[in-house]
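Protein chains: 4
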Amino acid sequence: MSSQFGECFKISTFGESHGDAVGVVVDGCPGNFEISLEHIQAELARRKPGQSAISTQRKEPDEVEILSGLFEGRTLGTPIALLVWNRDARSKDYGHMKDVYRPSHADFTYQEKYGIRNWKGGGRASARETIGRVAAGAIAKQWLKAEYGVEILGFVRRVHQLETQVSGHEVTLERVESNPVRCPDAAAAAEMEDAIRAARKAGDSLGGVVEVIVRHAPAGWGEPVFDKLEAELGKAMLSIPACKGFEVGSGFAGVLMKGSEHNDAFYKDDTGTVRTRTNFSGGIQGGITNGEDIVVRAAFKPTATIIQDQDSVNEEHQEVTFKAKGRHDPCVVPRAVPICEAMAALVLMDQALRQRARRA
Amino acid sequence: MSSQFGECFKISTFGESHGDAVGVVVDGCPGNFEISLEHIQAELARRKPGQSAISTQRKEPDEVEILSGLFEGRTLGTPIALLVWNRDARSKDYGHMKDVYRPSHADFTYQEKYGIRNWKGGGRASARETIGRVAAGAIAKQWLKAEYGVEILGFVRRVHQLETQVSGHEVTLERVESNPVRCPDAAAAAEMEDAIRAARKAGDSLGGVVEVIVRHAPAGWGEPVFDKLEAELGKAMLSIPACKGFEVGSGFAGVLMKGSEHNDAFYKDDTGTVRTRTNFSGGIQGGITNGEDIVVRAAFKPTATIIQDQDSVNEEHQEVTFKAKGRHDPCVVPRAVPICEAMAALVLMDQALRQRARRA
Amino acid sequence: MSSQFGECFKISTFGESHGDAVGVVVDGCPGNFEISLEHIQAELARRKPGQSAISTQRKEPDEVEILSGLFEGRTLGTPIALLVWNRDARSKDYGHMKDVYRPSHADFTYQEKYGIRNWKGGGRASARETIGRVAAGAIAKQWLKAEYGVEILGFVRRVHQLETQVSGHEVTLERVESNPVRCPDAAAAAEMEDAIRAARKAGDSLGGVVEVIVRHAPAGWGEPVFDKLEAELGKAMLSIPACKGFEVGSGFAGVLMKGSEHNDAFYKDDTGTVRTRTNFSGGIQGGITNGEDIVVRAAFKPTATIIQDQDSVNEEHQEVTFKAKGRHDPCVVPRAVPICEAMAALVLMDQALRQRARRA
Amino acid sequence: MSSQFGECFKISTFGESHGDAVGVVVDGCPGNFEISLEHIQAELARRKPGQSAISTQRKEPDEVEILSGLFEGRTLGTPIALLVWNRDARSKDYGHMKDVYRPSHADFTYQEKYGIRNWKGGGRASARETIGRVAAGAIAKQWLKAEYGVEILGFVRRVHQLETQVSGHEVTLERVESNPVRCPDAAAAAEMEDAIRAARKAGDSLGGVVEVIVRHAPAGWGEPVFDKLEAELGKAMLSIPACKGFEVGSGFAGVLMKGSEHNDAFYKDDTGTVRTRTNFSGGIQGGITNGEDIVVRAAFKPTATIIQDQDSVNEEHQEVTFKAKGRHDPCVVPRAVPICEAMAALVLMDQALRQRARRA
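Protein chains in written order, with my numbering: chain A, 27 to 386; chain B, 27 to 386; chain C, 27 to 386; chain D, 27 to 386.
Among these hints, one or two may not hold up.
Same chains, same label: a pair holds when it works inside one copy or across any pair of copies.
[What the hints assert, rightly or not] Lysine-lysine pairs mimicking DSSO-like chemistry, simulated, CA-CA at most 30 Å apart:
hint: 1; residue 1: Lys85; residue 2: Lys294
hint: 2; residue 1: Lys351; residue 2: Lys124
hint: 3; residue 1: Lys294; residue 2: Lys146
hint: 4; residue 1: Lys146; residue 2: Lys351
No lab work stands behind these hints, which were simulated from the structure alone. From a predicted model like this one, the values you see are computed outputs, not experimental measurements.
Take these sequences, add in the hints, and give me the full structure.
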């Protein structure tokens with residue numbers, strides 16, 4: 027279904043950008059697990075608009091309410107409903123969008139699909155839809171950490187022409203959160219921030235690449251054939267608004283290598299654990315984790331909202347000029363980091379539960 | 027589930043590379059639709075091994091039997107079971123694999139996941155698993171063509187260092203099938219073939235990129251949020267063995283553009299249809315088709331099977347040298363073309379049926 | 027999943043009886059369909075407690091809020107989230123339940139399943155859970171009526187020893203709603219009401235049978251094999267708290283007939299429509315509607331909550347006497363009527379959409 | 027989907043009665059589990075036609091082939107495909123059915139649903155479809171027995187007017203299989219057999235009731251809300267051809283009791299286990315097992331195939347007389363016993379795996 031994700035750990039999200047509220051129902055969380063609401067709220071704070079001068083100035087507190095599924099701070103095993111009210115919808119800002127399809131937005135396609143759309147904003151196509159993902163993902167993160175010690179860490183690898191060469195091994199949450207770009211390389215981050223400010227000033231926008239590293243996932247997670255772990259992670263990332271590409275391990279660059287260079291030789295480490303010398307596989311072989319770090323990257327296009335006149339058509343299919351106004355996010359990539367992490371967490375918790383069902 | 031794909035048009039595949047047979051059950055195909063068995067067989071022929079000097083020499087006729095779901099050449103609306111017997115399994119070739127985990131194969135991860143594996147070959151991780159995909163995809167292709175005029179066409183965009191600059195608009199099935207590499211650019215194809223031959227001779231392997239173009243898909247297919255069309259296509263491609271990356275439209279290169287360059291301006295064409303001047307969106311906006319060509323690319327790593335000694339470990343987790351022998355496929359990319367097409371067809375037919383359920 | 031129902035028209039419910047709220051997310055409703063909120067509220071009023079002297083005196087306004095999925099009164103095609111706050115939870119009433127497993131309730135089994143339970147009430151096992159079903163069912167009812175003229179009508183066929191012999195053809199909503207028992211036979215209804223009052227006075231409870239008739243469903247809905255329409259309806263009814271049995275058409279009594287008596291002969295009516303002379307099939311043959319009225323019945327056990335001392339055990343598995351107190355519903359059957367209707371509506375709308383996907 | 031059943035342990039069946047073969051693909055079976063093919067074959071023998079003078083004389087060996095998913099007698103964790111060829115289809119027997127819709131069969135409804143049908147037999151509506159269920163159910167039975175000691179035992183409780191009063195506790199497989207009726211009460215069985223012979227002689231048919239008892243299922247299986255264990259079992263049984271009713275525990279008769287009579291008091295047995303004094307709940311409370319025997323009953327109508335002239339209509343919707351001929355099964359109830367057991371096994375194994383996913 028369009029608004030459901032997962033099999034054993036399944037979420038259902040709801041809510042339009044300019045409706046009353048957005049939220050998520052989480053079904054399948056094991057019972058008797060202690061949840062930190064502060065952590066959920068902290069993750070939402072990493073996603074919310076208006077965090078810094080380089081993101082949109084829409085002001086939303088994004089305070090989450092938990093309506094069900096918890097009792098005295100612990101999960102009941104029943105659906106956990108999480109709700110965030112929309113406070114700063116400002117529908118007046120959107121009157122100019124009523125009759126025009128914004129280029130590279132989803133206005134035209136929603137209208138074609140449903141015969142109707144909420145023209146007062148992006149509706150379900152807005153990044154605001156991702157609140158439910160981040161809230162549910164925070165629960166998954168907590169559970170994965172508590173049960174398996176799994177850590178999921180995202181960061182900005184690239185903004186437009188600027189790419190950091192930082193090694194994944196050096197990345198820490200502290201370094202990622204030390205600057206508004208969420209790039210753990212301070213020098214690169216400063217340049218990226220300048221580029222984003224320049225784009226904002228020009229009414230333009232920039233894209234970039236988010237990398238997510240998953241540490242300590244045990245071997246044996248993921249499914250062969252259609253639900254390979256890289257396929258599930260790929261779907262998860264590609265379902266985030268503005269994502270245009272996904273790769274795992276060596277990814278597209280792996281094509282430039284020969285098999286003799288690309289194969290990850292096995293060895294036994296000091297603790298007797300089977301490891302690989304290299305990790306071009308990105309921690310996944312045949313769709314299943316091998317115990318190495320899982321490494322994936324997602325490409326985000328430059329935001330479609332720009333403050334420039336553009337050619338377009340209206341609902342009557344007449345050619346018109348679309349004159350954008352209002353708030354815009356010149357580069358969504360820093361805010362995409364917690365969303366990518368959340369999607370990875372949702373996939374991994376689902377796979378962990380699926381593997382529990384399989385083994386005695 | 028690991029071996030099921032799709033929601034309204036759903037397939038279940040089965041079979042190990044070195045078991046008795048491989049096959050697929052197709053559930054959800056509308057009734058009273060005439061099926062061409064010749065077309066299914068022809069698609070399987072495009073996938074099968076031993077087609078040319080640059081693919082593996084395993085000899086399999088891959089003749090498909092249809093066990094159910096058809097009556098007098100038409101679909102009954104009931105499950106269509108398709109079966110291909112394994113003829114040339116040659117288990118004797120695989121004795122050297124019994125105790126060793128082949129690097130960058132799925133031997134180790136299957137053993138970790140299931141506590142058992144069929145060591146006489148790749149089992150479900152073998153490319154032979156894709157027979158069911160191609161057979162089911164052929165049904166989907168026929169239906170999409172008959173009902174909507176949709177055409178799905180894949181080709182090899184890159185092998186290792188060699189990339190063709192051919193425009194998607196120039197690609198025809200005839201040009202794709204005119205050479206064993208399945209690259210519609212004859213000059214590039216010749217170079218690619220030389221590179222593959224050289225790799226074979228060196229006991230090495232090469233990867234590459236397959237591009238798939240879908241023409242004439244109507245606007246309105248695909249789902250917002252989690253089941254965005256690009257997310258479904260991404261999952262589909264990333265579930266193919268050896269796929270390490272996926273992109274739609276501008277993909278990773280789109281990151282190098284600014285929003286003002288990347289947005290696809292709408293206009294009205296001579297027939298009154300809403301079109302876009304450019305197609306960086308790859309035919310999909312907000313997860314839903316906009317009527318332009320759908321364009322996706324999938325990156326395939328160099329095949330893990332090479333004829334060279336490699337460091338590895340055995341089932342007792344002792345370090346050993348793996349000495350490969352037998353047949354190998356120095357570059358799977360040409361054979362991946364019909365598989366990618368099939369996966370695209372499965373996704374699109376599923377989405378077409380889902381959209382039928384939605385609209386009156 | 028435990029809290030999700032449906033395939034093309036899918037609902038996710040959430041909320042404990044004594045939590046903050048209960049609700050439902052409806053995914054898959056076609057877009058651009060006008061919804062009457064008054065009708066949803068009216069259906070909830072038929073389900074809510076405290077309607078009459080013969081139901082529990084818990085006071086809940088059960089006012090529904092719609093948080094998403096509507097725009098200017100019409101569906102957007104996106105998830106519709108409906109919420110009802112719990113106002114009269116009165117947790118103090120439940121202190122006596124903290125350490126004791128109530129007989130024939132779900133306290134013990136939830137504890138065994140999840141390792142935790144919300145002991146302040148029935149949690150998800152409470153009939154309050156059905157609010158989401160009724161709210162979502164009201165949407166389905168409206169759509170089925172508007173698109174196909176389908177009418178879904180439930181009534182009380184039996185309370186304890188008392189059964190009405192009314193013919194299904196005579197039943198109207200007006201007659202059903204003319205008395206608090208929801209039995210369209212006024213004389214039987216009066217006797218049933220007396221029996222329920224007597225049970226209340228004795229601190230005891232009664233069960234009964236609800237019959238649901240679906241009129242004007244077209245031929246061709248439902249699926250063969252596992253998702254037969256009677257199987258889906260059976261699951262739907264048996265998932266309602268306290269339901270112990272289900273039958274379609276002739277049901278258990280059909281066993282007393284011979285094939286020559288039970289077969290429904292086909293004929294052609296004045297309008298040229300294929301009809302059956304009798305309807306022992308209950309409108310369903312081979313899992314698929316034949317155009318006749320769909321007729322099903324669901325048996326509800328006497329409510330487990332009674333105001334009498336009972337033998338039981340506590341969390342430490344010691345034998346104790348459970349002394350019930352507080353409010354209780356001596357017969358849930360009248361309130362089960364709108365719930366059964368709602369479940370039938372959910373099944374039928376799902377099947378209608380599934381059939382749309384199948385046929386051109 | 028119509029031909030798929032289960033969530034974690036999922037089966038896909040295929041095949042028409044008069045096509046080439048019928049079969050099933052089982053997905054989700056844990057790996058490294060030893061399977062007895064003899065047991066699968068034995069279960070199929072209990073289901074097959076021609077077992078005795080009181081069943082249809084169609085001759086089918088029903089020998090099962092396993093095409094995938096096993097290695098050296100153990101499950102690989104991958105899909106297990108099981109196939110049975112149709113040998114005695116005798117299409118010539120069915121020419122009289124080409125143009126006529128048989129009363130109370132699925133000919134008319136399939137035609138309405140799909141716009142086509144295989145008129146050479148019952149197609150997917152034939153009881154032959156249940157072969158896949160029984161084969162897959164045999165795997166589930168083996169696993170449930172090996173992992174949890176669960177026993178699933180069905181028997182004929184009633185044929186037409188004749189009902190045995192045998193207590194479920196007395197029923198053993200040996201007694202059930204000691205006569206062709208599968209009624210563990212020898213005296214009742216003899217009367218039932220006479221009744222069936224008389225019906226056969228008259229070209230008529232009889233229905234009956236199958237009871238299934240599940241012993242040693244642990245507490246905590248099943249899901250609250252929509253996937254309650256009784257709801258899943260009800261769907262499972264109601265999906266069997268000719269099933270018209272289902273009940274659990276006290277069932278429809280429970281309606282005749284008061285709450286004070288019906289509640290199952292808890293106590294602690296000698297081993298310290300929580301038990302109930304009575305079992306009107308049928309082993310399930312709030313949708314979840316409580317550790318007592320699970321007891322369900324399914325009502326089967328008299329077979330629609332009778333050897334008598336009947337009024338009907340043809341494909342042109344003209345009124346005609348349908349003259350039955352050929353083989354017929356005067357009472358399917360004895361053969362329904364292994365089918366009901368198989369469906370119970372499929373439900374329970376699925377729930378067992380789902381519960382594994384939930385608990386640590």
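My question is about Lys85 and Lys294: at a cut-off of 30 Å on alpha-carbon distance, are they close within one copy, between copies, both, or neither?
neither (52 Å within a copy, 37 Å between copies)
Can you tell me if Lys294 and Lys146 fall within 30 Å by alpha carbon in one copy, between copies, both or neither?
Classified as between: cross-chain Cα gap 24 Å, same-chain 58 Å, threshold 30 Å.
When Cα atoms must be at most 30 Å apart, do Lys146 and Lys351 count as within-copy, between-copy, both, or neither?
within (13 Å within a copy, 52 Å between copies)
With 30 Å as the alpha-carbon cut-off, assign the pair Lys351 and Lys124 to within, between, both or neither.
within (13 Å within a copy, 58 Å between copies)
The structure fails hint 1 only (numbered hints given earlier).
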